[in-house]
Amino acid sequence: MPPANKLFVFWGMVASGKSTLAKAWAKRHGLRHHNSDRLRKELAAIPLFSHDDSGIDQGIYSRKFTRRTYDLLLERARQDLTDRKNVILDASYQSRHERDLVRELAEKMGVEVYFVLCFCSDDEVTRRLKARALDPDAVSDGSWEVYLKQKESFEEPDELKDGQMVRFLSEGPLETLLDRLDEQLVHLL
1 MPPANKLFVF
11 WGMVASGKST
21 LAKAWAKRHG
31 LRHHNSDRLR
41 KELAAIPLFS
51 HDDSGIDQGI
61 YSRKFTRRTY
71 DLLLERARQD
81 LTDRKNVILD
91 ASYQSRHERD
101 LVRELAEKMG
111 VEVYFVLCFC
121 SDDEVTRRLK
131 ARALDPDAVS
141 DGSWEVYLKQ
151 KESFEEPDEL
161 KDGQMVRFLS
171 EGPLETLLDR
181 LDEQLVHLL
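FYI, in our numbering the residues of the sequence shown are 1 to 189.
You may find that some hints are simply not true.
In silico lysine-lysine, PhoX-like type, Cα no more than 20 Å apart, as pairs [as the list claims (entries may be wrong)]:
| hint | residue 1 | residue 2 |
| --- | --- | --- |
| 1 | Lys161 | Lys108 |
| 2 | Lys130 | Lys151 |
| 3 | Lys64 | Lys149 |
Keep in mind that the hints were calculated from the coordinates and are not lab data.
Please take these sequences and the hints and turn them into a complete structure.
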């Protein structure tokens, strides 16, 4: 289990496996976990398993609503860190600006922050999106179109220092991935 008062950010593009991995790793280690898809729907006061088809950068995915969602993620992390709890933030964090806000929070709170960039092949993304479309318990509204847009707008994490980030290939059985993630993060912790 990670030492107390650590902030972890599981991030990446749609269907990269970040949420599945973040939720399972949080459970394995007893960490708080805040997911952007769940918080976005909580803010919108819509059912968790409903789907928003308003399109890219529209509705609950507009810039304004996304800002509210990411601000709430930061506030939830601040609350958990104040209570001396380890916490995971789980969202795309595609822009340097969003990652900088997390780093600023960690600095203000006097805690270490670690970023886990999840990625997988386009074939795996396709497979996961097809499976998600058939899953009535899927929370995310991510689609192939969103994935392609994210690939275009993705900002490389050049601002992250050595020892602050792990690039994690998230393909394979979940238990194997969790074990591999533990091995990679132990070097940072």
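Do the hints match the structure? See the list:
1. Proposed proximity of Lys161 and Lys108 is supported: the alpha carbons are some 17 Å apart, at most 20 Å.
2. Annotation: proposed proximity of Lys130 to Lys151 holds, straight-line Cα distance about 19 Å (limit 20 Å).
3. With a CA separation close to 18 Å, the supplied pair Lys64 and Lys149 stays within the 20 Å bound.
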